[in-house]
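Asks: Working from the sequences, and respecting the hints, build out all of it.
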Amino acid sequence: MIKENGFMKRIILCIFVLSFVMGSFSLNAVAETEESAKMISNWKRVLVGEPFTNDDVILKNIVWDKEKDLQDNVLSNLNKENESPSLFKNLPDWKQNSAQITETVKNIEKMAVLYQTPNSIYYQKDTLQKDIMYAIEYFYDQMYNEKIKNTYGNWWDWEIGIPQSYNNILVLMFDDLTEVELSKYIMAVDRFVPDPTKRLNGIKETGANLLDKSFIVMVRGILNNNNNKIQLGIDATNDVYKIVQNGDGFYKDGSFIQHTYNPYTGGYGEVLLARSADIHELFSGTDRLTNVQGIKKLYTYIETTYLPVMKQGEVFDMTRGRGMSRQNSSSSIVGRNILYEILVISSQNQDLSYRGKYARYVKEAIFQHNDSESYYNGLSIHKTQTFQRLMSDSSIKPDFGVRDTNNMLSAMNQMTHQKKDFAAGLSLFGKQISSFEYGNGENMKGFYMGTGMLYLYNNDLGQYDNDYWATIDMTRLPGTTTDHKLGNLIDWKNYNNPKSWSGGVSDGQIGSASMYYTMQNVTGSSLEAKKSWFFLKDKIVAMAAGINSKENADTETIVENRRLGKNGSNLLKVENTEVALDQGILFKGASWAHLKGKNNQSDIGYVFPQSENIYAEKKERSGKWSDVNKGGSSDQVSNMFATLSIPHGKSPSGGEYVYVILPGKNQEETSTYAKEMDVSILSNTPMQQVIYDDADDIWMGNFYEIGKVNEVEAKTRGTIAINYKGNGVKVVMADPMKEQAKVIFTIPKKLGYKVAEKDDEITVKEDANSWIIEMDSSDKSGKSSQVYFEQ
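Residue numbers for the sequence shown follow the UniProt record's numbering, beginning at 1 and rising by one.
Careful: at least some of the hints might be erroneous.
Simulated crosslink set (SDA-like; lysine to any residue; CA at most 25 Å straight-line) [to be verified]:
1. K296 x N349
2. K431 x D776
3. K630 x T151
4. K106 x P85
5. K80 x E34
6. K130 x K198
7. K184 x Q231
8. K106 x I58
9. K708 x P686
10. K499 x N567
11. K630 x G161
12. K130 x K184
13. K38 x E181
14. K149 x P118
15. K573 x P686
16. K252 x N291
Because the hints were derived from the structure by calculation, they are not lab data.
Replies: This is the structure in structure tokens:
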């Protein structure tokens, strides 16, 4: 165990003696001080981990990597002269660039971490201690103190990034600081984070930013046993975990939004989850956690908000906002963080079955990555040790069970679909949701990301990692229709869809999503289309109608643009013709295509029921991270891609397409399916898009206008799914526009069937041949409501 804090012992003793002498001995004062000592010990353990034996190669390598980084990138750049214009030689522009102040304090934190890491060669090293003490004083005196009047650059640096690391340094060096020094240094935190609920300029904080600042104030409070500050931090969390109906935060449908119009479960949502895990660990062994109102709601949000956008330990990139453009942040790295946070938070649940369920889930996800040494690269010692304890616990089996879910995250215009061997995510945009987020020079080519990009996850782990975003053609993203036009970059702009229709319907296992959109507010293009995606048990049906544009530009729909193995050896075939590397071929009237995966169950089949013209190519693409993020490297990186597209020509009018994606199907199964399709395309027009899945007896339709297809009639605009299962009929309805007071459909009645269950929003009437089903959609949330008929 980490040694008990000696300085806190001295504080407790001083309070005891002083109180005794003055005749006002207070047990509460001692108890509160002991509590602060406990919390400082907790947080120090999180920062440096526990001592370990020399035979633990994984932990030894983690420490060695940190030591090498410290020597090569921190100590070698440390200026030790008092008159030096910067603390680190490679960060000379801190007076103009606030990010360099954050980097400076992070460097000092790295020094302090290794100084307190028992297995490090720097542990309690006198020369390093002197360097740290000098660096803290320089940083406080020159760069970050209560006397600074004007800030510059990014507010986040001053109010979150800097004080987070600064607090960590003060915790780590607590025993080495005098009371006078500590009191002086924490005044800087009070200057820049006096009230966590608002910024210095008065803007109200929400979501992850609010929780970040709340935690900063909590840690600042324990540093000098200031109960008022600790409680101020706790009280500021009151609104963080509440369900919201607009703006930033958690939504009932599983959405998480930050910056008003951006899906951010895997970005700011992960930050919020991380700080929540930090609160659990900081308050461990004390009664403080019970004062954090609403934090127990995370037990529900783990299932409803986070798991729908996770697959095999990866978080869906469509929920990471501009974070996907960061070179050192991948879906696997962020997913690994979320796994850790789920493990920490779920372990505090009193329900043993709940704790076991999520421990198994995390263990299964790590096993998907073969529990290899490389999986732990870049983790802290404490996080690695937490995972190691889980993996070595034989009583916990890595078996969470097969997820069989479909989720329409209406508030953020996204649908997720999880089955045994694959998962998919679809990113749309709407009046309130931006196609992408650009800001701080990040995500400079993201224009098409929310215009129907379809993510497919299978056993090809890390498909969207390994320089994917630096090398893919950002105007040819899978699922999108494109004329390759780029728009103007404006920080924090809402690149929204002026059309209302964007959403879907889900019964929890299958669903359909649809969008009527134009690129007018994104790229300035007149390109528009009505598109639907039907997510079924083992396949995805995609279709579009009304593809129109006045642009004199080649327009195409990207069926696939998948990153291949490094040598590009994955076999790509259109019908029986192989597409060679560096070859592009236009196939006229093709009925199917197939892409061989990297491993078992990562094959993908593509079927074109209307025999489309298909352009297929395999080629290497190169790019630079600096092309998509100004903070990225300018070094060239490369990847191999296989691309399938449907050309629509220039200035298309009334363009359309239909294709079916078959995850996990081999070439023979794909070619057979093309001849024996079990899905019927009942309508694909600008009025209605409707399918029937004969294999599972499912009827699904998106009615952009009132009308009738076969025996189903839309009395209002809306979307419907009818699942004829066993002895019952399940009907699910929704308003993707989020504008109508009600949605009404008439469907054929089955003799002898009655309403068995229904949501409160559903009213059912009937005549001789039909059920007239009305849904109250006046809350305008886009949610799905259902009714179940049974014999």
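Asks: Can the restraint linking K80 and E34 be considered satisfied, given a maximum Cα separation of 25 Å?
Replies: Given pair K80, E34 is violated - Cα atoms ~37 Å apart, limit 25 Å.
Asks: Does P85 sit within 25 Å of K106, going by the straight-line distance between their CA atoms?
Replies: 18 Å, holds
Asks: Against the 25 Å threshold, does the CA-CA distance of K630 and T151 hold or violate the hint?
Replies: 22 Å, holds
Asks: Take a quick look at whether K38 and E181 sit within 25 Å of each other, Cα to Cα.
Replies: 21 Å, holds
Asks: Under the criterion that the straight-line Cα-Cα distance not exceed 25 Å, is the pair K184, Q231 satisfied?
Replies: OK: K184 and Q231 at ~21 Å, within 25 Å.
Asks: Taking 25 Å as the top limit, are the C-alpha atoms of K573 and P686 close enough?
Replies: 32 Å, violated
Asks: Checking one constraint from the list: CA of K130 to CA of K198, max 25 Å. Satisfied?
Replies: Violated, at roughly 37 Å.
Asks: Hinted pair, alpha-carbon criterion (25 Å max): K499, N567. Please report holds or violated.
Replies: Violated - the C-alpha atoms of N567 and K499 are around 43 Å apart, more than 25 Å.
Asks: Check whether the Cα positions of K296 and N349 lie no farther apart than 25 Å.
Replies: 8 Å, holds
Asks: Are the Cα positions of K106 and I58 separated by 25 Å at most?
Replies: Roughly 24 Å separates the two Cα atoms, so the pair holds.
Asks: CA of K130 to CA of K184, is that 25 Å or under?
Replies: The hint holds at about 18 Å.
Asks: Is K708 close enough to P686, meaning Cα to Cα at most 25 Å?
Replies: OK: K708 and P686 at ~13 Å, within 25 Å.
Hint compliance for this structure: hints 5, 6, 10, 14 and 15 are not met, and every other hint is.
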